[in-house]
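K.L.:
Since the structure of chain A is already known, use the hints to place chains B, C and D on it.
There are 4 protein chains.
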Amino acid sequence: MGTKTRAAIVGSTGYGGVELIRLLQAHPYAEVSSVISSSSAGTPIADGYPHLSDIFPGVLDGVDPKEIKSKADVVFLAAPAGVASRMAPQLLEKGLKVIDLSGDFRLPQPDVYEHWYGKPAADPAYLEKAVFGLSEIYGEQVRGAELLSNPGCYPTATLLGAVPAIKAGWIDPSSLIVDAKSGVSGAGRGASLGTHYSELNENFKAYKVNKHQHIPEIERVLSDAAGRDIVATFTTHLVPMTRGIMATMYASLAEDRTEQEFIELYRQFYEGRPFVRIRPEGVLPATKEVSGSNYCDIGFAVDRRTGRVTIVSVIDNLVKGAAGQAIQNLNLMMDWEENAGLQFIPMYP
Amino acid sequence: MGTKTRAAIVGSTGYGGVELIRLLQAHPYAEVSSVISSSSAGTPIADGYPHLSDIFPGVLDGVDPKEIKSKADVVFLAAPAGVASRMAPQLLEKGLKVIDLSGDFRLPQPDVYEHWYGKPAADPAYLEKAVFGLSEIYGEQVRGAELLSNPGCYPTATLLGAVPAIKAGWIDPSSLIVDAKSGVSGAGRGASLGTHYSELNENFKAYKVNKHQHIPEIERVLSDAAGRDIVATFTTHLVPMTRGIMATMYASLAEDRTEQEFIELYRQFYEGRPFVRIRPEGVLPATKEVSGSNYCDIGFAVDRRTGRVTIVSVIDNLVKGAAGQAIQNLNLMMDWEENAGLQFIPMYP
Amino acid sequence: MGTKTRAAIVGSTGYGGVELIRLLQAHPYAEVSSVISSSSAGTPIADGYPHLSDIFPGVLDGVDPKEIKSKADVVFLAAPAGVASRMAPQLLEKGLKVIDLSGDFRLPQPDVYEHWYGKPAADPAYLEKAVFGLSEIYGEQVRGAELLSNPGCYPTATLLGAVPAIKAGWIDPSSLIVDAKSGVSGAGRGASLGTHYSELNENFKAYKVNKHQHIPEIERVLSDAAGRDIVATFTTHLVPMTRGIMATMYASLAEDRTEQEFIELYRQFYEGRPFVRIRPEGVLPATKEVSGSNYCDIGFAVDRRTGRVTIVSVIDNLVKGAAGQAIQNLNLMMDWEENAGLQFIPMYP
Amino acid sequence: MGTKTRAAIVGSTGYGGVELIRLLQAHPYAEVSSVISSSSAGTPIADGYPHLSDIFPGVLDGVDPKEIKSKADVVFLAAPAGVASRMAPQLLEKGLKVIDLSGDFRLPQPDVYEHWYGKPAADPAYLEKAVFGLSEIYGEQVRGAELLSNPGCYPTATLLGAVPAIKAGWIDPSSLIVDAKSGVSGAGRGASLGTHYSELNENFKAYKVNKHQHIPEIERVLSDAAGRDIVATFTTHLVPMTRGIMATMYASLAEDRTEQEFIELYRQFYEGRPFVRIRPEGVLPATKEVSGSNYCDIGFAVDRRTGRVTIVSVIDNLVKGAAGQAIQNLNLMMDWEENAGLQFIPMYP
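Chains as they are written, first to last, in the working numbering: chain A, 412 to 760; chain B, 412 to 760; chain C, 412 to 760; chain D, 412 to 760.
Isolated chain A, as found in the complex (with noise of 0.2 Å):
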């Protein structure tokens, strides 16, 4: 174990920190070095999660970058909005790698991310250091990275699902509507009555309709694929379960396009690539089809009543929409396979 790369997990007791310790268990390169949480510092972790119990039975440490860095070579950020824009810098200056998986680091420009997260912007210098691990899309700049800002979950669905499309041409970008619906883990471990049980069990409800933060984060990567400015309606649902998104998108065929010449376009824009798997003609993708695992599935129906595509794309949010997709872009900027530790089949049923 001592020559595998030490990892640390800032914002450990949360359902993406504990996600980092399940997928990293299994990693051939590298390991857990220490469970960090500002709230729970000094407990074990296992007593809030008893299923780590007798696998991990370490202790969860203290925010403190000096610490931090006796330990780690690399360092995941798991904490809510504002926490990483401050401690990323401290980090990277000790020569620590960062991985952030939250917003802090996604939206370049101070003004737009402050005028949809509320909060104080990063740094500029460390936003514009910042590369966007969408790595099937942005992989080249992943490499080599030392400050890496993890995709949103809805961002990772809707985009994978709607670039290759728009850069091949065949869709009016602008005509982009995106349905999407997501399970209740997404909004954390926090409770609240919009994770009460019996409020979300045999329910279903739009929220934070066209409000979403994950709006520019969308719209940033649109704009870059089209090669113009463009604004997508974007709607949010919380299905009753507990882990899978689905991004259920509408465009304009801008060309007269078959399923079949979708499916081709997207194999190949993804081929070589792991995590990407493109449904045969006639055939969608279901969320439970990719649960625990780190692949991104996607289907097409083209309709040619409407001259609209409907495109499909579907992850598991805690997995290729968080934790899973950090360690996917570790692996790039370590430069070890882009699969490494992430092999699971998905759960099912």
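Hints are computed from structural coordinates only; laboratory data are not their basis.
Since no wrong hints were added, every one of them can be taken at face value.
Heads up, the list lumps identical chains together, so a pair's fine if it works in one copy or across two of them.
Each computed SDA-like pair below joins lysine to any residue, with the alpha-carbon atoms no more than 20 Å apart:
1. K622 x V694
2. K415 x R554
3. K622 x P519
4. K619 x W527
5. K622 x G529
6. K415 x Q754
7. K622 x H526
8. K622 x L664
9. K477 x G506
10. K477 x P500
11. K415 x K480
P.N.:
Relative to the frame of chain A, chains B, C and D by itself:
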């Protein structure tokens, strides 16, 4: 009880049928006089539905129009597609009023029915006679109808949410995209991999994209409202819950209107109608808020950035989407109060 | 409406409170005249419970005995433990009838209450006055009661299932083991890790084993039925569902009796009581078969190999386990039909 | 890969079969060389299980012992009861090792099997040869076994929880009552009313009370541990979740022992065994804490008032209750590390 209108229910062992039994039990002017099932005739209905034990001790009758005539004044047909097209004419000839919950009389053009349902259409003479019972839109025709075609569950949620804005000319009807989600009970009681618990629980999936048989029914009414032929993009998803439908609808604004203006437009449109409720500004309805009731709740989000409005409409698929709306139609056909027997408060949580 | 008995509900924003509103809406002789909440006074109840929109436009009143007296004839106390012990005496002194849904008046001995609830007990004079409203067992005392203590949800399911066999001497009461399971709504609307969706969904857990505050209430009635002091093993589990309780009970047979004999014993015991239903031989009830209704359904399995009987008893925890039983008790207190306003068919599926 | 032990899976399209595929994918010494299905031979397994797309491109083989011999060293039989009794002898004769996940070889007495399973028993010569693979109890016999009978899911949870206390003489084995609860996946992938989503969701039900075919398997091991014939009360319930089993067990204390003493007894009993975890005092395990993993977690509650101990034991029914335990047994049969390929951290939440 003797002076109550007697109702027979064909297809009593389906979910629509038992929901009719549940709701009619509380009706002041009607009573269930015969529960009919082709497959289980001769057995007590409580054998298959123990929740009816001691309440509804009746034995299931077979399908025999003459016997039905002797026992009933009105017949609810809650059978699979293809049954009502054969039975309704016989029952009407015997002087019975008929309310059909299947799709057999929803499409006036036989070829359209045959294209979407893959079955022979009903006799055109009866197709013409049938009144489409979306009573908030076609209420005048419902009063006095002899053959009532009860709308589908998806069309009910969709059309109540879309028609007022289209009639007012506030949205471009050709831009309409309907992203619909349903609980599993909409698929009926038949056992299949598609209704298997372990396949649906903790899963979210799209199905029949652009192919759902409710599409022509929706487009027919949309076209009627728009005054020209409309094709709409319509997607259906299965939610891991038993009851509830949400239609999330997207359309381009034809006029610059605020959420508050939409709210007022809809409140006026549905004034005096007991079962449509419009949420105040900034609030969208969730499916559980109508569970077990005949309400259709609607909310709006206008997005100036994209020039689109998002309309969210929810119903309980078995009540307003089936049995409840059928009883609402019976009330109008019989000239009773529209909400007789339907004043249930939704069951929450 | 003017001649209806006026009911005030203290704790209207809890699940027990809104369920009282739902059920009383359909009551022929009573109406809700005041909804009261200490925490949300002055706001419309539909703000927190949009399912009540347009149906129940009332604004929440504060807790003021004088105002309650001016608005109500009877008061339902649906507040947390410790509230009723203080409020009930004030309300009784003003001549109001009081039905308490908490545990404050269920245990006649103050020290037992204080041991299990960890709070000061009510004034012994009022503890003595209080009638325990398990009306199928203590119905005679309920008629004419001024202070009614509504049984807990677990005790209701357990005692209705166990008492007839104990009274008949057919089982050894000291052998009784109760394995109980509840939906999450029993924990109330308070947000905590213990009611968090992601923690409970796809999970099954035991809690408060041998420590649940309903144990002394159960043992009190069991002892009363047995004619001697009984201690029982009682375990509670949380089921990933919103509503429903099942008590699975095990006891050694004191006499050699068949399932059919148990069925007959119980049918006789509950003859004329509208809310207990006994399943036929070989059939056990499931929680969904009573959902939304005031029924308690009971079934039996006798095992000659082990000399034990298994008794399964199910209720809806919010109806027969709380609000429904409270109204049933009101009906008896007021000398109305026992099932007035409670003739709901369970909602299935 | 060539030097890995080759495994064939008969019944690959059942839930046990696909779980074997998922787990073996991560195995260091074994690989899946043939996926076999009598009903779907010739089609790609990913057609029925899209979660295997791109990962497991194999086409299903038919059932042909000669072909199996050419492709495999060991065969997992994950077929319904009655298949293994016929196939296992043929495979053994060809020199293959066989691990049977059905009940066909769990009961050494043919008449007992025939009574509980209603099918002809296997050849007694093979019944005698079969080793019952509850390896924490019978590990010595498992090493080197040729025909391994993998325990049932309920027996695994029950016996790991009950045997140490019985062997130590701390509880009266004849007082044992097992109240077991299972997720729906235990019923397999077959579609029926009993696995229908709308029937099981928001429902909790008991089934096969005193009649479950796992009873004789449980009693056989209990009797072995007690040194005398034991009959046990055993009840099974269906929980609205996909995975997980909890056995809540009740027994009279034969000695006055504390929870802490139970904890120490069990920790010693399972010392060195990687898959049994004992919770500390005051903590009971929940099913989600072992989800997706091969762990069996156990906790205790001693009640001095009643003189009984409550033992709670949880597993993932498809892993420790089926595929995982089968691989654990393979590891022992092949003299590999007991936990090879099974070091998954449970998936939480």
